[in-house]
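Visitor: Sequence:
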Amino acid sequence: MNILIMAAGAVGGYFGSVLSKTNEVTFIARGAHLEKIQECGLSVRSATSGDFVCESKAYETPPPGYKADLIIFCVKEYQNQKACQVIANSVTNDTTILTLQNGLGSGDILGREFGNEKILLGAAYIEASKSDPGLIVEHGGVCRITFGGQNEEQTERVQILEQIFKASPINFTVSKNINDDLWQKLVFISALSGMTCITRSSFSEVMTNPYTRDITKDLVKEKASVASELIPNFSKDTVSNVIEYLETHKNDLVSSMHQDLLAGNPMEIDAINGAVSREGKNLGIPTPINDMIASCLSLQDLRARN
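Here the numbering used here is used: the first residue of the sequence shown is 418, the next is one more, and so on.
Bear in mind the hints are in silico, worked out from the structure with no lab data behind them. Among the clues, some could well be false.
[What the hints assert, rightly or not] Subject to a maximum C-alpha distance of 20 Å in a straight line, what follows is the list of computed PhoX-like cross-link-like pairs (lysine-lysine):
#	residue 1	residue 2
1	Lys-638	Lys-593
2	Lys-602	Lys-499
3	Lys-602	Lys-653
4	Lys-499	Lys-484
5	Lys-535	Lys-484
6	Lys-484	Lys-453
7	Lys-634	Lys-667
8	Lys-602	Lys-493
9	Lys-474	Lys-535
10	Lys-667	Lys-698
[Said to hold, decoys possible] Listed next, with one range per pair, are the computed distances between beta-carbon atoms:
#	residue 1	residue 2	range
11	Asn-533	Arg-695	16 to 22 Å
12	Ser-621	Asn-533	27 to 33 Å
13	Glu-477	Val-559	21 to 27 Å
14	Asn-419	Gly-701	43 to 49 Å
For glycine and all other residues, C-beta sits at the position ideal for the given N, C-alpha and C.
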């Protein structure tokens, strides 16, 4: 299988390197990270998969004539337009695109560009970072991909991807209701990202302080109320499960959006907290805490984008 990883950050770099053990993987990267991969390979330090060097090829754009059987799409939300242009010439009628982006909306964007029938939705559960150019560190804990089709017409594509993952060391689950899974992750990640960014604090600090801990719990409930209206039979235990996980793992949880904020980079606020605000307004469900977070963080996001 020719697998194109768009792009070789923490998520794409880790899962692409693991998939390279059983497939022909090509990475898209840029800058010093790309130069290091081309010179020395992509180094992986992993609590789950061990330490190894992936020797797959890497480019800033796919080479002329390159066609992908599978594209794993894991750029930041604000890079979508450019990323779609980068992969366009590598997409054929038979190409499947698996999006692992945070938040909501990437499936719709990719579907408009390349056709909904090609797009599978997924969620990556991983604690990883691009520590240095050419180096991905996976820190342990949950390390898994959950994916699924948007309708029954995609059954064959789902089955093919399942076989690709089965033949590799990837931990994965095939979801019977991928929208439920995506909203469960959104409830979790929007609370983690939103609270660490708006307070400019570690999540341990957020959950240790009684005031911000209570706000976090209310934030989880806000998002779950929107999801319950949108998703038939949305998991009723989501609120209690998410709050329990946040409290239990508060010392270990790190938000990539918080890291972007501190680095002065654009943030995925529109696809995460912004998406919840929009859905809440469309449904007439108040989400005041989330609205405040999304609105306030949009100022910093705009500064970074400009």
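Visitor: Take the hints in turn and mark each one as holding or not.
Guide: Against the structure, the hints come out as follows:
Under the criterion of a C-alpha separation no larger than 20 Å, the hint pairing Lys-638 with Lys-593 is inconsistent with the structure, at around 24 Å. Taken as a hint, the Lys-602 and Lys-499 pair is broken in the structure, with Cα atoms around 25 Å apart against an allowance of 20 Å. The suggested pairing of Lys-602 with Lys-653 holds, with an alpha-carbon distance near 14 Å, which does not exceed 20 Å. Annotation: proposed proximity of Lys-499 to Lys-484 holds, straight-line Cα distance about 18 Å (limit 20 Å).
A threshold of 20 Å between alpha carbons decides the hint, and for Lys-535 with Lys-484 the separation of about 14 Å falls inside it, so the pair holds. A distance of roughly 24 Å separates the Cα atoms of Lys-484 and Lys-453; the hinted pair therefore is violated under the 20 Å criterion. A hinted pair counts as satisfied when its Cα atoms are at most 20 Å apart, and Lys-634 with Lys-667 qualifies at roughly 13 Å. Of the pairs offered as hints, the one joining Lys-602 and Lys-493 holds, with about 16 Å between alpha carbons and a cut-off of 20 Å not exceeded.
Between Lys-474 and Lys-535 the alpha-carbon distance is near 24 Å, which puts this suggested pair outside the 20 Å criterion. For the suggested pair Lys-667 and Lys-698, the alpha carbons sit about 30 Å apart, so the restraint of at most 20 Å is broken. Distance hint for Asn-533 and Arg-695: a CB-CB separation of about 20 Å, consistent with the stated range 16 to 22 Å. For Ser-621 paired with Asn-533, a C-beta distance near 41 Å fails the hint of 27 to 33 Å.
At roughly 32 Å, the beta carbons of Glu-477 and Val-559 sit outside the given window of 21 to 27 Å. Separation of Asn-419 from Gly-701 is about 46 Å and conforms to the stated range, judged on CB atoms against 43 to 49 Å.
Hints 1, 2, 6, 9, 10, 12, 13, counting from the list given before, are not met by this structure.
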